[in-house]
Amino acid sequence: MKDNLFGKTLQELEEVVTGEDMPSFVAKQLTDWLYKKHIQQIDDMRNLSKKNISLLKKKYQVGLIKHTSVQVSVDGTKKYLFPTANEKFIESAFIPDKNRATLCVSSQIGCKMGCLFCMTGKQGFQGHLSAGEIINQIHSLPEFDELTSVVYMGMGEPFDNLENVLKSVEILTADWGYAWSPKRITVSTIGIVPAMMRFIEVSKAHLAISLHSPFEEDRKKIMPVENVYPIPKLLDSIKSFDWNSQRRISFEYIMFKDFNDTQKHINELARILNGIKCRINLLRFHPIPDSPLASPDEKEIVEFRDRLNAKGIVTTIRTSRGEDIFAACGLLSTKKLLKELDSEKDF
Amino acid sequence: MIDPSKHKLREVIVKNRQEIAAGVFVFSYERVYSFTSGQVVAITVDLTDEPRLYSIASGENESEISILFNVLPEGKLTTQLANLSNGDKVFVSRPFGEFKGDEESAYWIATGTGIAPFVSMYYSGLGKDKIIIHGGRTLRSFYNQEVFQKAYGERYHRCCSGEKGEHVFNGRLTDFLKTQNNLPIDFKYYLCGSSEMVVETRDILIAKGIPFNQIIAEIYF
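Just so you know, the protein sequences line up as chains A and B, in that order. Numbering of the first sequence is given in our numbering, commencing with residue 1 and proceeding in unit increments. Numbering of the second sequence is given in our numbering, commencing with residue 1 and proceeding in unit increments.
Simulated from the structure, these hints should not be mistaken for lab results. You may find that some hints are simply not true.
Said to hold, decoys possible - No more than 20 Å apart at the CA atoms, straight line, and that leaves these computed lysine to aspartate or glutamate pairs for EDC-like:
(1) 221(A) / 49(B)
(2) 100(B) / 14(A)
(3) 221(A) / 62(B)
(4) 100(B) / 218(A)
(5) 167(A) / 50(B)
(6) 188(B) / 217(A)
(7) 36(A) / 14(A)
(8) 264(A) / 300(A)
(9) 100(B) / 217(A)
(10) 128(B) / 49(B)
(11) 167(A) / 102(B)
(12) 221(A) / 104(B)
(13) 183(A) / 252(A)
(14) 76(B) / 160(A)
In isolation and in its complexed conformation, chain B is listed as follows (with noise of 0.2 Å):
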């Protein structure tokens, strides 16, 4: 049994908890803490499991910090979390991490449910001058999609592998990376998600010239 208190665990109540796409979810609970926006929490549902960790979802100033996942095939807390209504009880940290955006040009780049930073550097302010690169299987898991195309128009660049859709590009992420020339050398590039995708695209993102030490990444474990 984990002890709360010894892992700065807080009780929060489950609000708004959607299926935004099949195995994607959002959830959100009264922000209790304020944070950066880049930054995670640890959550668990019960106390006998270590807690994981999720990027907030949520601009800096709303009231309610949101979470984006999805359901791993093996996840007993993922699957927890789906099975979550409104009104429930899950343990959350406070938030921490380092993953911080700025104010210069940048792409942010990132496959699935790891768009959650980028959605809250967005809604924190920090969205100027940015170009978004986001992969996913389906149409449905873009989440945000509506706000960034009108944002950002064709700096907003969806990649879909399981589906075709009207201005999406069908394939991977790292597809579409491979297609693109002259990618700038100063700005800053921004990754989010799986060790594979963070990975791949760093190698094809070092290939095409840009130094590695404008490369930030966070993975998700």
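With the rest of the complex left out, here is chain A (with noise of 0.2 Å):
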């Protein structure tokens, strides 16, 4: 099995070539060529030697992989099905929007974390994707020249997999990588504390944090990292971080009917949110099979994004996109892909 070039660092690259004893200025040629220039196999990258060519022929391959279906929303979303290198399968969602156009990626197949609200967490862990896996969900997606941002907001928590996370942040933003500026990318976490704080402290990237309740006890019932990582360790973390800078964090809050939306959970947001510069996005909860949560009607979020709005946390509704084809959040899952075998369970 040969190793994919598509996803490693410059550094990576530099090791690659000076091992097959290249000059190390090659792996500036392999990045322009990977990562500017979209070429399908090492036969394309013209600037290099036959004899470099054929060197890493021998144990590379670009390793670009196109997606195997694609699902259209009646709203314009579009669902993307990538095989990964294990067998199994994530799902991307692409949201074009008047003159921006985002896609949410994955980051596992599968997750760990057993959200009660998530569809993705239902169907367990599969795995950890590769930088690679990541970054290819971006470039390979028929619509890369009309993208504008990119959510980590997909299957899988990105903390879990903090180091591919990382380095295809990196590789994203890099000079030498795809130049974005790290404002078009937002990384989303439920909160693993120790990894969240590394994140901030070498990436640039916003930062998404999923809150859902401000209240300990009620967070553990529908999110049981609660248990390990809770709500006041979550934000002194947030708080030893300077916010005032370009960079943006938000708390996504899921509305659920006689849970989390009452006057009650406004004050508290307002009270545990004191001094952090935020923004909270209210986000319509879109059931699951056998759910015992529900959302509440659209006059009742209303009313809660515009008394946040009154206590003076910027607070805004996101729109639900992809609905009817289960692109829109939280409802994302390959489950029914998964082989029998991936079913093995341990107890």
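Put the two chains together into one complex; each comes in its own frame, and the hints tell you how they fit.
Structure, rendered in structure tokens:
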């Protein structure tokens, strides 16, 4: 099995070329071909010598992966299915909106976090994506040239796969890579604190935190991570960083009827987020099978938003997109595509 | 290289390392910090690797902290831990986390090494009015089973998916739960194990009428 060049950082490519006794500048040529010129195979790297091409081809391939299917929503959202190296599948959601276009990428196959409201969590965990598999969702997207932003809000918890997520962000933002502004990238987490702090230190991309309740005891009931990294520890860590730059932190808040939608919740959100320059994104809950949770009606969500704004917290309601093709927030899942062997359990 | 002071890691000496079943180990170290049962510690053997989290499996007042773990097929740290000998050094954090038990009536439901926090709660005096359901692949994988059998009798259920045994349900823990009718809706249900186990168990409990806010889960990640 040949190793993939796509998804390697400049430093990793330098190790590849020096390992083959090529001059180190060849690594920079490789990043140009891989990330700027969108070549499909090593033979297309026209400024490499025949000898170097031959050497690379013995052990390596470019490693791009095409999507195997696409579903199109009535609202224009597209859900792409990509195969992974371990013969499983992931989904990515392309969301065009007027003069913007966002891609929601996956970072893992399935998810370990077990949040009560999430369809991905119901399929369990089948593996981490490599940096190449993360970037491939962007690079191999037919609408690549239309993209204005990428959000790591697809399948999986990005900070449970920190090294590959960091590497993918580096490739997206480095001069030798795609040279995107980090402001085009948002990484979302449920709050794995040590990994989140490392991300904050080494990356300049935006951060989104799935909060969903300001109360520890309530958050525990829907998000098991609260038992390990509770809200006070999470917010203390956030407050230790200066957010007064261009970098943005936002809190994601799925609205659940009779669970997190009262004035008490508004008051507590205002209290715990005091001192953090942030915004709240309210999300409608997209029901998943057998869920005990429900969404409040539209009027209640709007009122909740207005009351948070009145408290001085910039709050918006995220438009639901792609619900009819199960591409909306919390609905991505490739469980039906898992083979029987994949679901072998430890209990 | 991890900065131990930044991660608040402390070097401790391994004691009482044992393999209790194939690929399942327990070791202990001197209790240098107080803790609350149900809490976890971050552990690493090599400071070039990020520490990983393990639930404490000993009582709050015991002189040593016990850690239960199984070797994961692709787990570098668990392989390193399995190769430790008494007297070796590991780096550990202060205990932390909020998976706390209480004295109310509850089910403790775990698979494999997920029994650790409940062992800790039991030895910390929170074992009254509890029903334990423990799932495992082999008959040797039920850590602390002799004590639980004696203390709980018929309120201690072992579910073994890989072997048959006396007084053991032959099958998965989730299969056992499906056979249970009239589960009390006013009990709390504490779950600990892999995400697959927690998600499937939680779905079964909810389908049986248990309010989701009575279910508290700890997932290994």
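Okay, the hints, checked on the actual structure:
no., hint, verdict
1, 221(A) / 49(B), "violated (32 Å)"
2, 100(B) / 14(A), "violated (49 Å)"
3, 221(A) / 62(B), "violated (30 Å)"
4, 100(B) / 218(A), "holds (14 Å)"
5, 167(A) / 50(B), "holds (16 Å)"
6, 188(B) / 217(A), "holds (13 Å)"
7, 36(A) / 14(A), "holds (17 Å)"
8, 264(A) / 300(A), "holds (14 Å)"
9, 100(B) / 217(A), "holds (11 Å)"
10, 128(B) / 49(B), "violated (40 Å)"
11, 167(A) / 102(B), "violated (43 Å)"
12, 221(A) / 104(B), "holds (17 Å)"
13, 183(A) / 252(A), "holds (18 Å)"
14, 76(B) / 160(A), "holds (16 Å)"
Of the numbered hints listed earlier, those contradicted by the structure are 1, 2, 3, 10, 11.
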